[in-house]
Amino acid sequence: MPDIKSFMQIQYIFELTGTAFFAISGAVLANEKSKPDWFGATFIGFVTAIGGGSLRDMLLGSYPLVWIKDVSFIYAILIGIGISGLLYPYLTKLRKSLFLFDTLGIAMFSILGTEKALSLGVHPIVAAIMGMFSAIMGGVIRDTLTNEVPIIFRKEIYATACLAGTTLYLLMDYMGLERNISFFASGLLILVIRIVAVRYKLSIPQFIKD
Amino acid sequence: MPDIKSFMQIQYIFELTGTAFFAISGAVLANEKSKPDWFGATFIGFVTAIGGGSLRDMLLGSYPLVWIKDVSFIYAILIGIGISGLLYPYLTKLRKSLFLFDTLGIAMFSILGTEKALSLGVHPIVAAIMGMFSAIMGGVIRDTLTNEVPIIFRKEIYATACLAGTTLYLLMDYMGLERNISFFASGLLILVIRIVAVRYKLSIPQFIKD
Amino acid sequence: MPDIKSFMQIQYIFELTGTAFFAISGAVLANEKSKPDWFGATFIGFVTAIGGGSLRDMLLGSYPLVWIKDVSFIYAILIGIGISGLLYPYLTKLRKSLFLFDTLGIAMFSILGTEKALSLGVHPIVAAIMGMFSAIMGGVIRDTLTNEVPIIFRKEIYATACLAGTTLYLLMDYMGLERNISFFASGLLILVIRIVAVRYKLSIPQFIKD
Numbered sequence: 270m271p272d273i274k275s276f277m278q279i280q281y282i283f284e285l286t287g288t289a290f291f292a293i294s295g296a297v298l299a300n301e302k303s304k305p306d307w308f309g310a311t312f313i314g315f316v317t318a319i320g321g322g323s324l325r326d327m328l329l330g331s332y333p334l335v336w337i338k339d340v341s342f343i344y345a346i347l348i349g350i351g352i353s354g355l356l357y358p359y360l361t362k363l364r365k366s367l368f369l370f371d372t373l374g375i376a377m378f379s380i381l382g383t384e385k386a387l388s389l390g391v392h393p394i395v396a397a398i399m400g401m402f403s404a405i406m407g408g409v410i411r412d413t414l415t416n417e418v419p420i421i422f423r424k425e426i427y428a429t430a431c432l433a434g435t436t437l438y439l440l441m442d443y444m445g446l447e448r449n450i451s452f453f454a455s456g457l458l459i460l461v462i463r464i465v466a467v468r469y470k471l472s473i474p475q476f477i478k479d
Numbered sequence: 270m271p272d273i274k275s276f277m278q279i280q281y282i283f284e285l286t287g288t289a290f291f292a293i294s295g296a297v298l299a300n301e302k303s304k305p306d307w308f309g310a311t312f313i314g315f316v317t318a319i320g321g322g323s324l325r326d327m328l329l330g331s332y333p334l335v336w337i338k339d340v341s342f343i344y345a346i347l348i349g350i351g352i353s354g355l356l357y358p359y360l361t362k363l364r365k366s367l368f369l370f371d372t373l374g375i376a377m378f379s380i381l382g383t384e385k386a387l388s389l390g391v392h393p394i395v396a397a398i399m400g401m402f403s404a405i406m407g408g409v410i411r412d413t414l415t416n417e418v419p420i421i422f423r424k425e426i427y428a429t430a431c432l433a434g435t436t437l438y439l440l441m442d443y444m445g446l447e448r449n450i451s452f453f454a455s456g457l458l459i460l461v462i463r464i465v466a467v468r469y470k471l472s473i474p475q476f477i478k479d
Numbered sequence: 270m271p272d273i274k275s276f277m278q279i280q281y282i283f284e285l286t287g288t289a290f291f292a293i294s295g296a297v298l299a300n301e302k303s304k305p306d307w308f309g310a311t312f313i314g315f316v317t318a319i320g321g322g323s324l325r326d327m328l329l330g331s332y333p334l335v336w337i338k339d340v341s342f343i344y345a346i347l348i349g350i351g352i353s354g355l356l357y358p359y360l361t362k363l364r365k366s367l368f369l370f371d372t373l374g375i376a377m378f379s380i381l382g383t384e385k386a387l388s389l390g391v392h393p394i395v396a397a398i399m400g401m402f403s404a405i406m407g408g409v410i411r412d413t414l415t416n417e418v419p420i421i422f423r424k425e426i427y428a429t430a431c432l433a434g435t436t437l438y439l440l441m442d443y444m445g446l447e448r449n450i451s452f453f454a455s456g457l458l459i460l461v462i463r464i465v466a467v468r469y470k471l472s473i474p475q476f477i478k479d
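So the protein sequences, as listed, match chains G, R and Y.
Position 72, counted from 1, in the first sequence is what the numbering used here calls 341; the numbers after and before it change by one each time, with no gaps.
Position 178, counted from 1, in the second sequence is what the numbering used here calls 447; the numbers after and before it change by one each time, with no gaps.
Position 42, counted from 1, in the third sequence is what the numbering used here calls 311; the numbers after and before it change by one each time, with no gaps.
Hints are computed from structural coordinates only; laboratory data are not their basis.
Only true hints are included.
Below, simulated BS3-like cross-link-like pairs (lysine-lysine); rule was C-alpha separation at most 27 Å, straight line:
no., chain 1, residue 1, chain 2, residue 2
1, Y, K478, G, K365
2, R, K470, Y, K304
3, G, K304, Y, K424
4, R, K338, Y, K338
5, G, K470, R, K302
6, Y, K302, R, K470
7, R, K302, Y, K304
8, Y, K424, Y, K302
From chain G, some residues computed to sit far from chain R (all C-beta separations above 12 Å):
no., residue
9, K338
10, I343
11, E384
Now the stretches of chain G that chain R is said to cover, found in silico as 3 or more residues with beta-carbon under 8 Å:
no., segment
12, 320-331
13, 389-401
14, 414-425
15, 468-474
Here a beta-carbon is modelled for each residue, glycine too, at the ideal position from N, C-alpha and C.
Isolated chain G, as found in the complex (with noise of 0.2 Å):
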């Protein structure tokens, strides 16, 4: 049975390996609208893989952002940004890989982002916000940046998925179940639901029927 160093060394490493997915994804995307130059697709990237998390820690106050603190972050982006560029033709065959790799960041940000935000002693409704904004605002910042309509208002589940593994969290972490099983059964049900969702094509209703 692992202990608790080995686990959180296997967490970090999982971070790292999520920041630089998130990097390839922005730089892939932002390819296939603008074709920049390798700084815009290094800028963008970059932005991807750390606006969630620094506009969580902005918006609570908690200093050093994770990347300043930590450069190795900047590191993982960067090979995430060489990857793309070197690996682009068979990156964008692998559509199927690519969208399983973000819908695993996503789902693991999610709960990161919870358990960082519930451990600066705010709401638990306030942290299941955050846990959803460290997973989808770096893609919503790149979205506004390249002039996109953000992806969260697009006719998908994106945000709802996380939202709903943020809560799940929080549930199992009221009852006082273990951290790990908490952990991994909420992101278990962000991966499903955006799965199951675009598989099926569902939806959240419309606001306002037309």
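Go by the hints and put chains R and Y onto chain G.
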């Protein structure tokens, strides 16, 4: 004559109500522009309601943010969104009432934002700007996210009315006038400027004449 | 030989002048794009001038923000806007001077931003990024608010020049060279890269070749 405590309670109820109205105006506007789903409408209502005050407090480094400290503001927003969704057909017929509520909202939040900035010890010019930011930046962020040209760049007197009100408040405060009198007089000035400007189609001179 | 104090005074005057120039370039650009009124032009000039430094300080958690602590920066902006409005016909004929002022501005604020970040104890890579952010993010926020594609995504060498300069500064600082020499050499590098790039239409390689 009401004592301080009951006045503070009345003001608190006004703040919650103003927050709900901002959420309503955000959701209604978002719906007219981009037919969002329930999540998108809620997100835009939320950002419209808390964006201005959050930006003010993040610029001033004043933590925790109001809605993170006091979750009642989140409930007020959710109630506002719910009302928008249920009563939408009636609300869209109440154009004039919606306009009035929005104007009451920017008037109140301009002055409250100015007071908060002053209480943190900033220069009066900064306080006037922060008051205006409290009132208008939620709408600016909303417009940026939905790819609209922000309201402050349209040919309308909006932010300028807020700035006039916050300036009057600072003058009255400087002259040592009683707080509640300054509060209502400067809020009223914003209300009157905005209503007169819309009624008579007044506008600020163009920066550079063609 | 000037003493430290008079050098600091010279630098302070440069900072105020650079802030005014950023406000001028913001107002002139805003006017070309969207014919704003006086408020809109002032708002855009203000955001262009203080946006980069404010974002840097908010990311670093370094409070109070420069223009909130020292209201002279607000006066510098207002003077810049006033000059833009009054001398607009002359300014638009001075394309080359405007370009030079903007380039001087980004060169100076890149290095000053790097120094500020370093003084707060961050990793040199973070300091280089923060220096570049100080110089360019005001323009990025300006472009986002006015629904333009941000300058950093156009086919121009702009942010990359800043990054080259901030990297040179960090190298010279690491080698223990005298601060003023490092300051001017790295600022000059930004100036030269930008001027040569525009003169010979150089650009960064496209991220993915078509």
